[in-house]
Amino acid sequence: MKKYLIETDNLTKKFDGFAAVNSINLKIPQGGIYGFLGPNGAGKSTTIRMLLGLISPTEGKAKLFDKSIDKDRLDILKKVGSMVENPSYYAHLTAYENLNIIREILNVEKSEIERVLNIVGLLEVKDKKVKKFSMGMKQRLGIAQALIGNPELLILDEPTNGLDPAGIREIRALIKGLPEKLGITVVVSSHILSEIELMATDVGIINKGNLIFQGSLEELQKRSLAQIKIGAEPKKEAIDHLLKRGYQVEERDKYIYIKEFSSPSILTKELVINNFEVYHISEDKSNLEDIFLDITRKENQDEITNIN
Amino acid sequence: MKLPILIKTELSKQRRGFIWLMILGIPLGTTMAMFLDMYIRYHDYLYVKGQELGFTSWDILLRENHRVLGWGIFLPLFIAVIATIIHYTEFEEDNWKKLLTLPVRRWEVYISKLITIVIFSFIMIALNSLGLVLVGKVIGFPEAINYRLYGEYILYQYVAILGVVALHNFLSSHTKNVIIPVVIGFLGIIVAPGVLSKNPDLAKLIPYTYTYYINNLNVGNSSIALYGGIISMILISVVGILSFNKKDIL
Amino acid sequence: MFNNLKIEFMKIKRSNIFLVATFFPILAVIQGFSFAKNIKGQEEIDLWGALFSGSTLMYGMLILPIFITIIFAIITRIEHSNNGWKQLLSLPIRREDVYISKLILGCIAVLYNLVVFLIGILISGIILGGKGSIPLDIIVLRPLLAFISSLPIIAIQFYISFKFKNVGVPLGVGAIFTLPTILIANSTKYWIFYPWTYPVLTMMPNFVTSAEQTLRYGIMYGVSILSFISIIGVGLYKFRSKDII
Numbered sequence: 001m002k003k004y005l006i007e008t009d010n011l012t013k014k015f016d017g018f019a020a021v022n023s024i025n026l027k028i029p030q031g032g033i034y035g036f037l038g039p040n041g042a043g044k045s046t047t048i049r050m051l052l053g054l055i056s057p058t059e060g061k062a063k064l065f066d067k068s069i070d071k072d073r074l075d076i077l078k079k080v081g082s083m084v085e086n087p088s089y090y091a092h093l094t095a096y097e098n099l100n101i102i103r104e105i106l107n108v109e110k111s112e113i114e115r116v117l118n119i120v121g122l123l124e125v126k127d128k129k130v131k132k133f134s135m136g137m138k139q140r141l142g143i144a145q146a147l148i149g150n151p152e153l154l155i156l157d158e159p160t161n162g163l164d165p166a167g168i169r170e171i172r173a174l175i176k177g178l179p180e181k182l183g184i185t186v187v188v189s190s191h192i193l194s195e196i197e198l199m200a201t202d203v204g205i206i207n208k209g210n211l212i213f214q215g216s217l218e219e220l221q222k223r224s225l226a227q228i229k230i231g232a233e234p235k236k237e238a239i240d241h242l243l244k245r246g247y248q249v250e251e252r253d254k255y256i257y258i259k260e261f262s263s264p265s266i267l268t269k270e271l272v273i274n275n276f277e278v279y280h281i282s283e284d285k286s287n288l289e290d291i292f293l294d295i296t297r298k299e300n301q302d303e304i305t306n307i308n
Numbered sequence: 001m002k003l004p005i006l007i008k009t010e011l012s013k014q015r016r017g018f019i020w021l022m023i024l025g026i027p028l029g030t031t032m033a034m035f036l037d038m039y040i041r042y043h044d045y046l047y048v049k050g051q052e053l054g055f056t057s058w059d060i061l062l063r064e065n066h067r068v069l070g071w072g073i074f075l076p077l078f079i080a081v082i083a084t085i086i087h088y089t090e091f092e093e094d095n096w097k098k099l100l101t102l103p104v105r106r107w108e109v110y111i112s113k114l115i116t117i118v119i120f121s122f123i124m125i126a127l128n129s130l131g132l133v134l135v136g137k138v139i140g141f142p143e144a145i146n147y148r149l150y151g152e153y154i155l156y157q158y159v160a161i162l163g164v165v166a167l168h169n170f171l172s173s174h175t176k177n178v179i180i181p182v183v184i185g186f187l188g189i190i191v192a193p194g195v196l197s198k199n200p201d202l203a204k205l206i207p208y209t210y211t212y213y214i215n216n217l218n219v220g221n222s223s224i225a226l227y228g229g230i231i232s233m234i235l236i237s238v239v240g241i242l243s244f245n246k247k248d249i250l
Numbered sequence: 001m002f003n004n005l006k007i008e009f010m011k012i013k014r015s016n017i018f019l020v021a022t023f024f025p026i027l028a029v030i031q032g033f034s035f036a037k038n039i040k041g042q043e044e045i046d047l048w049g050a051l052f053s054g055s056t057l058m059y060g061m062l063i064l065p066i067f068i069t070i071i072f073a074i075i076t077r078i079e080h081s082n083n084g085w086k087q088l089l090s091l092p093i094r095r096e097d098v099y100i101s102k103l104i105l106g107c108i109a110v111l112y113n114l115v116v117f118l119i120g121i122l123i124s125g126i127i128l129g130g131k132g133s134i135p136l137d138i139i140v141l142r143p144l145l146a147f148i149s150s151l152p153i154i155a156i157q158f159y160i161s162f163k164f165k166n167v168g169v170p171l172g173v174g175a176i177f178t179l180p181t182i183l184i185a186n187s188t189k190y191w192i193f194y195p196w197t198y199p200v201l202t203m204m205p206n207f208v209t210s211a212e213q214t215l216r217y218g219i220m221y222g223v224s225i226l227s228f229i230s231i232i233g234v235g236l237y238k239f240r241s242k243d244i245i
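Chains as they are written, first to last, in full-length UniProt numbering: chain Y, 1 to 308; chain G, 1 to 250; chain E, 1 to 245.
Think of the hints as simulated: they come from the structure by calculation, not from any bench.
Idealized CB from N, CA, C, for every residue including glycine.
You may find that some hints are simply not true.
What the hints assert, rightly or not - Derived DSBU-like pairs: lysine-lysine, alpha-carbon spacing no greater than 30 Å straight-line:
(1) K131/Y - K189/E
(2) K189/E - K176/G
(3) K208/Y - K235/Y
(4) K78/Y - K131/Y
(5) K128/Y - K78/Y
(6) K61/Y - K13/G
As the list claims (entries may be wrong) - Label-pair restraints from in silico Cβ distances:
(7) K176/Y - K247/G: 32 to 38 Å
(8) D9/Y - K86/E: 51 to 57 Å
(9) E96/E - D284/Y: 58 to 64 Å
(10) F2/E - N118/Y: 55 to 61 Å
(11) S227/E - D70/Y: 56 to 62 Å
Unchecked claim - Covered stretches of chain E (chain G as the covering partner; in silico rule of three or more C-beta atoms under 8 Å from a C-beta of chain G):
(12) 118 to 128
(13) 163 to 170
(14) 223 to 235
Next comes chain Y alone, as it looks inside the complex (with noise of 0.2 Å):
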């Protein structure tokens, strides 16, 4: 039985009436790193105020460590670092002191504020203003805050929010070295997809504050809409003979595609064997985005047809 760190029972939060998460059940394995995608407004970052006990949920529970957060927030906390939504800070303090207060409370030793602003490579600015940093630093100084103390848990929203393309590998190869390295388990929540599929392995899916999917990324990667790309010709003929043959076809832009899991070197065969010319043949793995989109336009049409 696989331990889950994190695991929710029925997690709702309404507002108003209004189910911003909806029922969802969360299991969030040790020593990954869970992606946690959704669109915007989707709840994601709702659900990561209840793992934390900033709100409390109109129904159901949250458990981290075994633990439920209503009860033992403070042991629970005392393991996790998080960055919820943007970056906090004194602005008028210099990064130095803003980490030292955190430090403090945590009551860890001073070095470890210079240890994790190296890590998010702020060493050189340590005794700047916070003011005055531009958004990317704030982002890192963010990270800082929830690396500082060693957690066993981070949850990070939007981690590589504002970064430029540098700084987001690096902060995604840091990511990804946490488990191994450290033991720690990460969550990410992102909307960026590409994201997710570089750094998570497992994934949950939330939309209009439903959990749709939730698994492993290979799992997720499986429901890809696999397509055979073929190029011959002469092409109208081809797709005639194809759909004789009873596969499903598309036709765009100059390419032949084939919507189902099909075995390439047997297309080919079939086509060359009638004379067809082909000039070109791969396989089309779509990517999570697409997956995701999908996904989530299969949820909104099944709430239109309900609504009819």
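For chain Y, the structure is supplied; the task is to place chains G and E on it using the hints.
Same frame as chain Y, but now just chains G and E:
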């Protein structure tokens, strides 16, 4: 018990902050105002009047500060502004969501803010009285400094304002809008004298009136200031903690 | 310009300032009302005068200056708090228009406050059944004159509210300048140097009557108008060239 650490961090958050200007500048202002007042009126008028009524110069100076200048009236308003500043530090940039995901009990955070407001208020009050002593010496009062009088004055103020401190800690913790607690404080100091004269029993329930009872010079019952301050602080803080614990940080 | 004014008005619509502006002068009137009521039984009293002076004391010394402090803090807070300056000032509107429309809005609020005050006095006086004709010259004219003499306070508070991002600054400064007003207003020699005494002394000139004082009153109006123009002018100049980071 993280309370001492929290208080320490609260103070460090105010480093290079505007609040120091306030708690130093206000007593400076009152000292100068009292100096001018004494310079102009003491020798010709106040000293003579005092002799008639049997007051020492130090008594008169205190009365001028508390009643004529209006220190006793305005003190709650200054405290409202102090409380606003202490909490505004957190509301700016959404710092509550960081602070309350650290392993600290919510009530400790709440009380640490309360104590911080108390500390700054105490400094301001003490400096105001110190300023008075300075004025008296510079003007050259004939009588020796009456330490007991001024010591009592400071201590009575300390206890009397506890109710206002607790109330504004509560108000400022609940709303990001800084104007509301200030308007309420303003309302309090305006309404206070009216209620005192019309309905003295009701006045005992309003924290804004307690500074009026501080008077080693006859008017009013000073013990009301003490009891009122302590009891209102405890009651309001209990309600405040319960409410703060349940609050959603959005 | 009118458009700007409308926009500014919309911004503060939800900030309850209307309630505050209406409520506070009424508090002062209530004070005056109970004062006048208490002495009503006695003969030979000037009921209107008592009502007026009973209310004016608290209004002129405390309520009006603090209200000015609060209203300008609110008007500028909207942009300060949400980093709104960079949005507002990159729209195709002239900076002068923004500045002046905020000033005008605040002045309208102050005038409104004064008008509520004088209407309140009128109504209270009628309820109390004051004898003789209503001394309109006192009740209507003086508050309106007080608007002019409160121009220095308006200018200073406006300037400080604009300049400092931290809303505690104008609130703290406004509170502390209001504090010594009671003391200084009592001094016949030095009041002229302290603008916070101007409103209350405009409304209650029975403090002193002499040729010298009349001269001072003239000076007061002059100072009010001149200081207003210069402070607002300097503020506008600085605002026009300010870097919005």
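Against the structure, the hints:
no., hint, result
1, K131/Y - K189/E, "violated (47 Å)"
2, K189/E - K176/G, "violated (44 Å)"
3, K208/Y - K235/Y, "violated (42 Å)"
4, K78/Y - K131/Y, "holds (28 Å)"
5, K128/Y - K78/Y, "holds (28 Å)"
6, K61/Y - K13/G, "violated (35 Å)"
7, K176/Y - K247/G: 32 to 38 Å, "holds (36 Å)"
8, D9/Y - K86/E: 51 to 57 Å, "violated (45 Å)"
9, E96/E - D284/Y: 58 to 64 Å, "holds (59 Å)"
10, F2/E - N118/Y: 55 to 61 Å, "holds (57 Å)"
11, S227/E - D70/Y: 56 to 62 Å, "holds (59 Å)"
12, 118 to 128, "violated (count 0)"
13, 163 to 170, "holds (count 4)"
14, 223 to 235, "violated (count 0)"
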